[in-house]
Amino acid sequence: MAYADDAHHGPQSFWTRYVWSQDHKVIAVQYTIIAILVGLVGVALSNLMRLQLGFPGKFDFIDANRYYQFVTMHGMIMVIYLLTALFLGGFGNYLIPLMVGARDMVFPFLNMLSFWVYFLSVIVLLSSFFVPGGPTGAGWTLYPPQAILPGTPGYDWGIILMLVSLVIFIVAATMGGLNYVTTVLQARTEGMTLLRMPLAVWGIFMATILALLAFPALFVSGVMMLLDRTLGTSFFMPAMVSMGQQLDYKGGSPLLFQHLFWFFGHPEVYIVALPAFGIVSDLVSVHSRKSIFGYRTMVWAILAIGVLSMVVWAHHMFVSGMNPYFGFFFATTTLIIAVPTAIKVYNWVITLWRGDIHFTVPMLFAIAFISTFVIGGLTGLFLGNVSVDIPLSNTYFVVAHFHMVMGVSPILVVFGGIYHWYPKVTGRMLNDTLGQVHFWITFIGTYAIFFPMHYLGVLGMPRRYYAYDNYSFIPESAHTMNMYISIAAFVVAAAQLLFVFNLAWSLRRGRAAGSNPWRAASLEWQTPQTPPEHGNWGPHLPVVYRWAYAYSVPDAPEDFIAQNAPPEAGGHEPEPHASQGVVA
Amino acid sequence: MNAESISTQEPAGVFRVTRDGPEGGPGGGGALHGHETRAPGSIGLWAFMGVATSLFSLFLVAYAMRMDSPDWHRVALPWQAWLSTALLVSASVAMHLATRAAREGRMEYARMALRLGGVGAAAFVASQLWAWQALYALHVVPANNPAGSFFYLLTAMHGLHVLGGLVGFAFVAVDRGSGPRTVRRIGLCARYWHFLLAVWVVLLGALGWLTPEIVRYICGTD
Amino acid sequence: MAIAIALVVLVVASVLFHFLSPWWATPLASNWKQMDDTLTITLVITGLFFVVINLLVGFIVWRYRHRDGHRAAYQPENPTMELWLVVLTAVGIMALLAPGLIVYADYVRPPRDAMVMEVVGQQWQWAFRFPGKSGRLGTSDARFVTASNPLGLNPDDPHGQDNVIVVGPEVHLPLNRPIKVLLRSKDVLHDFYVPPIRARMNMVPGMVTSFWFTPTQVGKFDILCAQLCGVGHYNMRGHVVVENQAAFDAWLAKQPTFALTMAKTAPPMAAGTAATPETSAASGADLVEQGRALAQSKGCVACHSVDGKPGVGPTWKGLFGSTQTFADGSSAPVDDAFLKTEISDPHARLVKGFGPLMPQLPVTDAELAALSAYIRSLGTGAAATPQAGK
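Protein chains in written order, with my numbering: chain U, 1 to 584; chain F, 1001 to 1222; chain G, 2001 to 2390.
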């Protein structure tokens, strides 16, 4: 059982080291590469959409069918195949074992399988571009009955491939999720109590629990829609006259799909947001040399947000035609969830207060996260408050809100996290100048894209419109605004290529980083080798004596104390959770 | 489901993330420290059972909600469903005996009972397919009757989980060891079998006895 | 440093944008002022948070930027402060939620004396129904939908006979009378959205949903479908015209009842036989006008433009007399026979570059003649080749 004395006897061939690897670090990089590649496809699709919205009718190849296909694939790719895969499969896989002091995930073979199943799901999804009828154009929410009826692009093959791809993804996510949860519960090293784990682990941990419980709802709704489409069942399909034909379906309920979908869909946004919250806490703390303020409250907030996220789903359905009295309940729970979320924002800000703030690229992204998350979260209060939502539902206000809170702020954290941990993964720093340029264009650019959109939504411009011809209430200035938004979108998209270039270039030419360039206290920075070798810790696992946030401790010789520094070094977590676990 | 159960031999120099028992060793183990008493495979299986519980609960909620529609006609359970139940119960009993025997060191007996448990589960799947055939002969097909659709759907989902269990079972069945690791794996098989039996009992109850009236009573709608 | 400045600039720019931009809610045309008021309250409270937090962060990152010799403070927690923050936030949240729920309580309870209108949606057009003298709407079901009964009313229900049917994109409403809008869909999800009215609701096939409002402004307002309903979603257009009671009554009286529409579409004579009295009496100009009205009422204009603009289907401008190529490579000139085949059986032959999206709507011979006349009136010649697939 014991660790082999010779570290070189890990996996030997190219194939077992880089392809069929069971090493969590390799799997994490595999997830990250695929997620970024598919994310670039998603960015390209969004630019195609903006071509039409900014310059309507000027591009022949973007007809209404294609437009709706772009809209749908962009949404699904970004939410599921990029954000979820990257936060859980990418960051989760890399960070969890290192941050808790384990040698690897507890089920390495399953972990490897989870990546390849994810890869398969991406292939199946992208193959829908090449089938007759093309990919589905039903919107990422895939509502029936239209998703499987003529009148919606891809109703023949595209929707089948989409649903199959999602089912495959859910299998992958479950395999990965079992790993993350069990590793956090079972494989923490000596001294690493739950309340000494960095918030990045807490965020990913809670998100994984949500994923394990909520993805089944997508599975259920996806399988049932698949059966409606292929076998002619009537789970979601009522009696209808479609395109002049009476259809054979009857008795099904489109609202049933919506309940199932959003029972998944709302926790899904927290599956994306909670890891972002956790990671940004670590970024803010490290780069301001200050303990995260209110660590225990932050943990409780993560747990509360996770639990509450399972009872707010129907705020996506206020105008769906569901029982109107549900509106009271869901508006209330939705506004309640704002409280722990706001607490987290306060705590990030208070962490910065009286800190020693270094304007590194990760810190810039973290600060930008706070700013954009604030606006995204605040606009959620408009939409969660049922009667304010009624005129705003399905307008550009919603599009602006969810982009700010899902597409901008978590992506800023993704970037910040990659700039932060790239030195650990590769032993080299990402180029700082490119990083600064990438940051400023992305931050200012995404703000320029999505801030004005709120106003177009209040005006009443509906979302998912291919064109807005001759509406008396939409002034010409709104079309001009759409044009400027599109231009900003093209610029931001181009800037992401800088980032991708930086990732590749710095692999060979980046400045050597040393083992702990940010002088961080958490365990992942204390590995004997950088990049960490197979097994992470060398012959002896670390022993932990304190929490992960011992920064600027008074009277300490340096402004950080590593988690595994000897107990005499001090920096213990605030009472009372300095606890039994301290003893060797 | 964990590294131990899938690979019978490991590449040279690969460590194990978890440890078998309470031995420590000079810093080499330490993946578990003072608090945990359960092996990761056990926690992993509990977590997976949580996921499956969520899945079947949601299917049942969908079933209940769809019932509330004027086109709902109940479908009588084919008698094969009872045969299936008996087979699954026997399989669980066999698995339970296998676990007990393994814990007492009676490995030959344990292995025989284990195999019976696997056979029982496979026979369950066959019996379910027979039930499908019976329904089909009565012209209850997935498309024309929502109650029929759910019968096929719920039994299919459950059956797939049984088949998945049989895949895991195959790895345990070829395990010729008699150490604590093997004992644990047999125990995990048994636990999963009991879980699938519990799920089946609930599904059977819902398919056989849950009516729109009961649903409306519970939900408070009329 | 730059980031601190950037945050301040962002705040200032956002506030300026808010006050200077021309885009805000359309002028209210219904009784739902409370929704606007709650929006304003939310805007003020959240706006305050937005400004304060961003400026605070801007200040903090400037004030506590790294300077040599300076160390961060050490204050890992402060339970009292945290408790205060929770309490204050909860109070702020309740201040937002309470007015919202109060308004919503009104929204879910339409007034007893509200008049009733039904909106029926289908891909991609609107239709409307009002109760007649009896004041009741007849029952309906998708199973009853036929060529002559597009709204699927139950022909055996006596209450439905006097219902007023409006198959067309424009509906009128009387000023200042509360109205409960019942919503039905024949096929997929739609949403009846008129921004100045604020109130709206999805339309779900297989059920009847509803909302209510009172029109308070005279005018003509756009109807927009606000739930993705397929490729023609953005073009599912209509108008609500609000006028005084007398004008509304006059308009309503001109609309056919269900009984009348059923009688009018008596079994058609064999295809291509002598023209029915209507068409033989109609002169050329009347026929074109009929065709134009039909194009509206049957929703053709949802996909076929008349001014050459590309749409879901080929434009009608210049269509007549041109030669169209089909997906299989064959071609044919556009004449009356061509139009008749295309309209009666749209999926038999697909014009190259366009998808199989045209619904097969029931059209009588008389209507075909009118539509042909209208299309011919929109210009002829091969010059205008419809642009493919837009």
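Honestly, the hints are just simulated from the structure, not real lab data. Treat the hints with care, as some may be off.
Taking lysine to any residue and the SDA-like style, the derived pairs with C-alpha atoms no more than 25 angstroms apart in a straight line are [to be verified]:
1. U:K250 with G:N2154
2. G:K2220 with U:K250
3. G:K2180 with U:F328
4. U:K250 with F:A1143
5. G:K2317 with U:F328
6. G:K2220 with U:H479
Covered by chain F, per the in silico footprint, the following chain U stretches (three or more residues, Cβ under 8 angstroms) [unchecked claim]:
7. 251–261
8. 351–360
The beta carbon of each residue, even a glycine, is placed where N, CA and C say it ideally should be.
Now for the hints, and whether the structure bears them out:
no., hint, result
1, U:K250 with G:N2154, "holds (17 angstroms)"
2, G:K2220 with U:K250, "violated (38 angstroms)"
3, G:K2180 with U:F328, "holds (21 angstroms)"
4, U:K250 with F:A1143, "holds (10 angstroms)"
5, G:K2317 with U:F328, "violated (51 angstroms)"
6, G:K2220 with U:H479, "holds (22 angstroms)"
7, 251–261, "holds (count 6)"
8, 351–360, "violated (count 0)"
Comparing the model with each earlier hint shows violations of hints 2, 5, 8; every other hint is respected.
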